[in-house]
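Plus 46 on top of the position in the sequence shown (first one is 1) and you've got the working numbering.
Bear in mind the hints are in silico, worked out from the structure with no lab data behind them. Among these hints, one or two may not hold up.
To be verified - Simulated DEER-style distance windows between Cβ atoms:
1. H90 with F64: 26 to 36 Å
2. F82 with V59: 12 to 22 Å
3. S92 with M63: 15 to 25 Å
4. I81 with V59: 27 to 37 Å
5. T91 with P66: 31 to 41 Å
6. A55 with H90: 31 to 41 Å
Predicted, not measured: the structure shown is a model, and the values here were computed from it. Glycine included, each C-beta is placed from N, C-alpha and C at the ideal position.
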Amino acid sequence: MEFLQLLLALIVVLLLMFRPKSEIFAYLIMWLGWIFMMYLYVGHTSGSLLGTINL
(Lines of atoms letter the chains of each structure in order from A and count residues from 1; the text may use other names and numbers.)
(Lines give C-alpha, C1' and ligand atoms only; values in the text may rest on other atoms or scores of the structure.)
Protein backbone atom coordinates (compact mmCIF):
# COMPACT_ATOMS: atom_id res chain seq x y z
CA MET A 1 0.00 0.00 0.00
CA GLU A 2 2.99 2.28 0.35
CA PHE A 3 3.35 1.96 -3.42
CA LEU A 4 -0.12 3.45 -3.80
CA GLN A 5 0.88 6.46 -1.70
CA LEU A 6 4.06 6.97 -3.72
CA LEU A 7 2.13 6.62 -6.97
CA LEU A 8 -0.40 9.23 -5.84
CA ALA A 9 2.46 11.54 -4.85
CA LEU A 10 4.01 11.09 -8.31
CA ILE A 11 0.68 11.92 -9.95
CA VAL A 12 0.43 15.05 -7.81
CA VAL A 13 3.93 16.18 -8.76
CA LEU A 14 3.26 15.57 -12.45
CA LEU A 15 -0.04 17.44 -12.26
CA LEU A 16 1.65 20.40 -10.61
CA MET A 17 4.41 20.41 -13.21
CA PHE A 18 2.29 20.10 -16.33
CA ARG A 19 -1.04 21.61 -15.23
CA PRO A 20 -0.44 24.22 -12.55
CA LYS A 21 -4.05 25.41 -12.76
CA SER A 22 -5.23 22.07 -11.34
CA GLU A 23 -3.45 22.68 -8.04
CA ILE A 24 -6.57 22.19 -5.92
CA PHE A 25 -7.28 18.84 -7.58
CA ALA A 26 -3.68 17.72 -7.03
CA TYR A 27 -3.79 18.54 -3.32
CA LEU A 28 -7.14 16.78 -3.04
CA ILE A 29 -5.55 13.63 -4.48
CA MET A 30 -2.69 13.91 -2.00
CA TRP A 31 -5.02 14.34 1.00
CA LEU A 32 -7.20 11.43 -0.10
CA GLY A 33 -4.11 9.25 -0.36
CA TRP A 34 -3.00 10.18 3.15
CA ILE A 35 -6.48 9.61 4.59
CA PHE A 36 -6.66 6.22 2.86
CA MET A 37 -3.28 5.20 4.29
CA MET A 38 -4.33 6.28 7.81
CA TYR A 39 -7.54 4.28 7.44
CA LEU A 40 -5.60 1.18 6.40
CA TYR A 41 -3.13 1.61 9.27
CA VAL A 42 -5.85 1.96 11.90
CA GLY A 43 -7.72 -1.00 10.44
CA HIS A 44 -4.57 -3.10 10.50
CA THR A 45 -3.45 -2.24 14.03
CA SER A 46 -6.81 -2.24 15.78
CA GLY A 47 -7.99 -5.40 17.51
CA SER A 48 -10.47 -6.47 14.89
CA LEU A 49 -12.29 -9.81 14.92
CA LEU A 50 -10.36 -11.25 12.01
CA GLY A 51 -7.08 -10.25 13.62
CA THR A 52 -7.77 -12.49 16.62
CA ILE A 53 -9.12 -15.55 14.78
CA ASN A 54 -6.54 -18.15 13.90
CA LEU A 55 -7.45 -19.19 10.38
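Each hint tested on the structure:
1. H90 with F64: 26 to 36 Å: At roughly 35 Å between Cβ atoms, F64 and H90 fall inside 26 to 36 Å, so the hint holds.
2. F82 with V59: 12 to 22 Å: 18 Å, holds
3. S92 with M63: 15 to 25 Å: Check failed, 38 Å falls outside 15 to 25 Å.
4. I81 with V59: 27 to 37 Å: Violated: the Cβ-Cβ distance is about 19 Å, outside 27 to 37 Å.
5. T91 with P66: 31 to 41 Å: Between T91 and P66, where Cβ atoms are some 38 Å apart, the hint holds.
6. A55 with H90: 31 to 41 Å: 21 Å, violated
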